[in-house]
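We have chain A; now place chain B onto it with these hints.
Top line first, the protein sequences correspond to chains A and B.
So that you can map any letter, position 75 of the first sequence is 75 in this note's numbering, and since no number is skipped, the others follow by simple counting.
So that you can map any letter, position 118 of the second sequence is 118 in this note's numbering, and since no number is skipped, the others follow by simple counting.
Derived lysine-lysine pairs resembling DSS-like cross-links, with alpha carbons at most 30 angstroms apart:
id : chain 1 : residue 1 : chain 2 : residue 2
1  : A       : K156      : A       : K92
2  : A       : K46       : B       : K94
3  : B       : K46       : A       : K46
None of these hints come from the bench; they were simulated from the model.
There are 2 protein chains.
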Amino acid sequence: MGHSNSQIFGQPKIRWLINKTTEDWINLANANPMEILLDHAHCERKAAGVALQLMFRYVGEPGLSEVLSPLAREELEHFERVLSILHARGKKLKKLASPPYGAILAKNISKDEPRRMLDSFLVAGLIEARSHERMALLSIHSPDIELRNLYADLLKSEARHFGVYWKLANERFDQNIITSRLKELAKVESNALVEMHHEPRMHS
Amino acid sequence: MGHSNSQIFGQPKIRWLINKTTEDWINLANANPMEILLDHAHCERKAAGVALQLMFRYVGEPGLSEVLSPLAREELEHFERVLSILHARGKKLKKLASPPYGAILAKNISKDEPRRMLDSFLVAGLIEARSHERMALLSIHSPDIELRNLYADLLKSEARHFGVYWKLANERFDQNIITSRLKELAKVESNALVEMHHEPRMHS
Numbered sequence: 001m002g003h004s005n006s007q008i009f010g011q012p013k014i015r016w017l018i019n020k021t022t023e024d025w026i027n028l029a030n031a032n033p034m035e036i037l038l039d040h041a042h043c044e045r046k047a048a049g050v051a052l053q054l055m056f057r058y059v060g061e062p063g064l065s066e067v068l069s070p071l072a073r074e075e076l077e078h079f080e081r082v083l084s085i086l087h088a089r090g091k092k093l094k095k096l097a098s099p100p101y102g103a104i105l106a107k108n109i110s111k112d113e114p115r116r117m118l119d120s121f122l123v124a125g126l127i128e129a130r131s132h133e134r135m136a137l138l139s140i141h142s143p144d145i146e147l148r149n150l151y152a153d154l155l156k157s158e159a160r161h162f163g164v165y166w167k168l169a170n171e172r173f174d175q176n177i178i179t180s181r182l183k184e185l186a187k188v189e190s191n192a193l194v195e196m197h198h199e200p201r202m203h204s
Numbered sequence: 001m002g003h004s005n006s007q008i009f010g011q012p013k014i015r016w017l018i019n020k021t022t023e024d025w026i027n028l029a030n031a032n033p034m035e036i037l038l039d040h041a042h043c044e045r046k047a048a049g050v051a052l053q054l055m056f057r058y059v060g061e062p063g064l065s066e067v068l069s070p071l072a073r074e075e076l077e078h079f080e081r082v083l084s085i086l087h088a089r090g091k092k093l094k095k096l097a098s099p100p101y102g103a104i105l106a107k108n109i110s111k112d113e114p115r116r117m118l119d120s121f122l123v124a125g126l127i128e129a130r131s132h133e134r135m136a137l138l139s140i141h142s143p144d145i146e147l148r149n150l151y152a153d154l155l156k157s158e159a160r161h162f163g164v165y166w167k168l169a170n171e172r173f174d175q176n177i178i179t180s181r182l183k184e185l186a187k188v189e190s191n192a193l194v195e196m197h198h199e200p201r202m203h204s
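Here chain A stands alone, though its shape is the one from the complex (with noise of 0.2 angstroms):
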């Protein structure tokens, strides 16, 4: 599916993103809101367990641990959150076919260490500062309060998310090397999304 180049008026910049998200986007968003929603169960889901693996590559770098502990119970939280919203809207968690924006991603994550460990933390970084921007536009457009309601709810810490993947990068690596890899993944990032997935995902 094509998509204009029409951006929303007043939307706020998020830090990393190159690309806002479209208009059209949000308007396949809002007329697919179950599905957007079951596909945001599985992107929580997700985090929690980018967080973990981290946490498992990485068991012995102090101050990791520390701090992606406590975003992955975050992100469970919300998890589960959703999950209850679907139940109680008579919908269970299914598999849902991912855009390809998760793959391209991880393809571009370096192999070799110790670059892969930065890639990894502006990898999610991105992928939190997309799902931030997007839960905040359909906090704001959605036409169901219910669903305007939980975005905004879930925002509230997610927006520290992406501050989580920032810090623990600076605390690692070269503020030069961060800038130059950070342009060239948020190029990544973008670009998976200017051709968007025929399916309503949070991040087609």
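For chain B alone, coordinates are given in the frame of chain A:
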């Protein structure tokens, strides 16, 4: 290291476990409280990992994420609590060689569904049961009052965890199949502890 067959008088019988923990283990644990504490942090982290792994593998399984997500959060909360005591005592989270216990149990999980699911629940439950038994022992026999209190506190919620896995199995499998498979796996579990690992661990 060999071990005597002596068992602790009055020690509560933990459902599922064939052999009770011996005094030798308690003595080893009490002689190395910080190593046990560090290992315990890793156990909590790994228990969260197991729950999340099952949520990922059986993503569309009704009623599974609903109970494993809160369980994973609780394990992470415990992980953070143990971590803070380690920090307060000037210790850091660092890698620790695992005893063979987990790998022996994992090797005995069937590769074919639906047996793989049943085995996964039973093995996770057995590990929780053993953790619970040993934390109960430490909550009584540790000479360190802060550690006694810690283990006693963690116990309160850990006690539920093997019940969660037991219920997951019961809701999905025939009682006879569960009972006979549990008997086999409980034997593997107890045997994995007979030849005590030379290093002090929660599951050595």
